[in-house]
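Note that the protein sequences, when read in sequence, are chains A and B.
Sequential numbering from 1 applies to the first sequence in the working numbering.
Sequential numbering from 1 applies to the second sequence in the working numbering.
Some clues are possibly wrong.
[Said to hold, decoys possible] Calculated cross-link-like contacts (lysine-lysine; reagent style DSS-like; alpha-carbon spacing at most 27 Å):
#, chain 1, residue 1, chain 2, residue 2
1, B, Lys58, B, Lys76
2, B, Lys43, A, Lys79
3, B, Lys65, B, Lys76
4, A, Lys108, A, Lys79
5, B, Lys65, B, Lys43
6, A, Lys108, B, Lys43
[Unchecked claim] Every beta carbon over 12 Å from chain A, so not counted as near; a handful from chain B, in silico:
#, residue
7, Gly10
8, Lys76
9, Val111
It is worth saying that the hints were derived from the structure and are not from the lab.
Computed from a predicted structure; not experimentally measured.
Think of the CB as a built atom: it goes at the ideal place given N, C-alpha and C, for glycine as much as any other residue.
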Amino acid sequence: DVVLTQSPLSLPVTLGQPASLSCRSSQGLVHPNGNTNLDWFQQRPGQSPRRLIYHVSYRDSGVPDRFSGSESGTEFTLKISRVEAEDVGIYYCVQYAHWPHTFGQGTKLEI
Amino acid sequence: EVQLLASGGGLVQPGGSLRLSCVGSGFTFNTYWMNWVRQTPEKGLEWVANINPDGSQKTFVDSVKGRFTMSRDNVKNSVTLQMNSLRVEDTAVYYCAGWGAGSYWGQGIVVTVSS
Chain A
1 DVVLTQSPLS LPVTLGQPAS LSCRSSQGLV HPNGNTNLDW FQQRPGQSPR RLIYHVSYRD
61 SGVPDRFSGS ESGTEFTLKI SRVEAEDVGI YYCVQYAHWP HTFGQGTKLE I
Chain B
1 EVQLLASGGG LVQPGGSLRL SCVGSGFTFN TYWMNWVRQT PEKGLEWVAN INPDGSQKTF
61 VDSVKGRFTM SRDNVKNSVT LQMNSLRVED TAVYYCAGWG AGSYWGQGIV VTVSS
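Chain A extracted, bound-state conformation (with noise of 0.2 Å):
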C-alpha cells in the first residue's frame, strides 16, 4: 500500500502567519491519465473532511485562495498564506492513484 507521511503531526500557529503542511507519498501517484492523485483534506473539529485541494494545486470552489498546494516529486505540499481562525482543525492528504486509496496521518493545526 502506498505510504503517506505527514509532518509536522501538530501545528501550533500564530494567526495572520504562513503554514506550510507536508506530504510525503512512498510512491509516485501519477494516474495513466496524466493527472497526479493527491487531494487535501481539511477536517474542522465535529465536522466531515471537506476538500480544499485537487489534484495537488486546484482548488476546490468556494476554498479561500490563502489555500495553496504544490508538488515537488513525491512530496507534496499544502500552504496557507496567512492563518486564520476558522482553519484549525485536521489536515489530511489523501492519494487515489493506487488502490488501496489511503489518506496520511493528519497535521493538526492549532492557534
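For chain A, the structure is supplied; the task is to place chain B on it using the hints.
Okay, now just chain B, sitting in the frame of chain A:
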C-alpha cells in the same frame, strides 16, 4: 444545496450485519464515484470501498473483502454498504463520499461492533 444523508448505523454484536444507506441530492449523482470511508481515533481515515458511476466496478480494502458489498441506484441517487460478519475492528464512524467534479461527504454515521 448538496447533501449526502446517511443512515443505518448502530450497535451490533460481532458476527452480525448492518446495512448503511446514503442518499445524495444537489449534484449529478450518476457521474460521481461513490465511496465509503471510515474513521477511528486509532487509525484515522481509512478508505473502505468505492463504486464507479454506473455501478459496474467496485473495489474494497482487503480487510473487508468477502464481508462487505456495495451497490448503487442512480434512479434513487442512493448507495448502500452491506456489512456482514462484522468484527470489533469495524467499529468506526462511516462516511459516504462522492468523488467527481466536486467532493461531497455525508455527516458520518457511527457503527459499533461490540458484545
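Inset, instruction - Find the nearest Cβ of chain A to the Cβ of Val111 of chain B and say whether that gap is larger than 12 Å. - result: Val111 of chain B clear of chain A: closest Cβ-Cβ about 15 Å, beyond 12 Å.
Legend entry - Agreement of Lys65 of chain B and Lys76 of chain B with the hint, judged by alpha carbon distance not exceeding 27 Å: With Cα atoms ~26 Å apart, Lys65 of chain B and Lys76 of chain B stay inside 27 Å; holds.
Legend entry - Exclusion check [Gly10 of chain B not at the chain A interface, CB over 12 Å]: holds (19 Å)
Inset, instruction - Take a quick look at whether Lys108 of chain A and Lys79 of chain A sit within 27 Å of each other, Cα to Cα. - result: This hinted pair holds, its Cα atoms lying about 14 Å apart.
Legend entry - Pair hint Lys58 of chain B and Lys76 of chain B, alpha-carbon separation not exceeding 27 Å: holds (19 Å)
Legend entry - Interface-negative label, Lys76 of chain B against chain A, beta-carbon threshold 12 Å: holds (22 Å)
Legend entry - Hinted pair Lys43 of chain B and Lys79 of chain A, Cα distance within 27 Å: holds (25 Å)
Inset, instruction - Given the hint that Lys65 of chain B pairs with Lys43 of chain B, test it: the Cα-Cα distance must not exceed 27 Å. - result: Judged against 27 Å, a Cα distance of about 18 Å means the pair holds.
Inset, instruction - Could you grab the alpha-carbon distance between Lys108 of chain A and Lys43 of chain B and see if it respects the 27 Å cut-off? - result: holds (15 Å)
The structure shown violates none of the earlier numbered hints.
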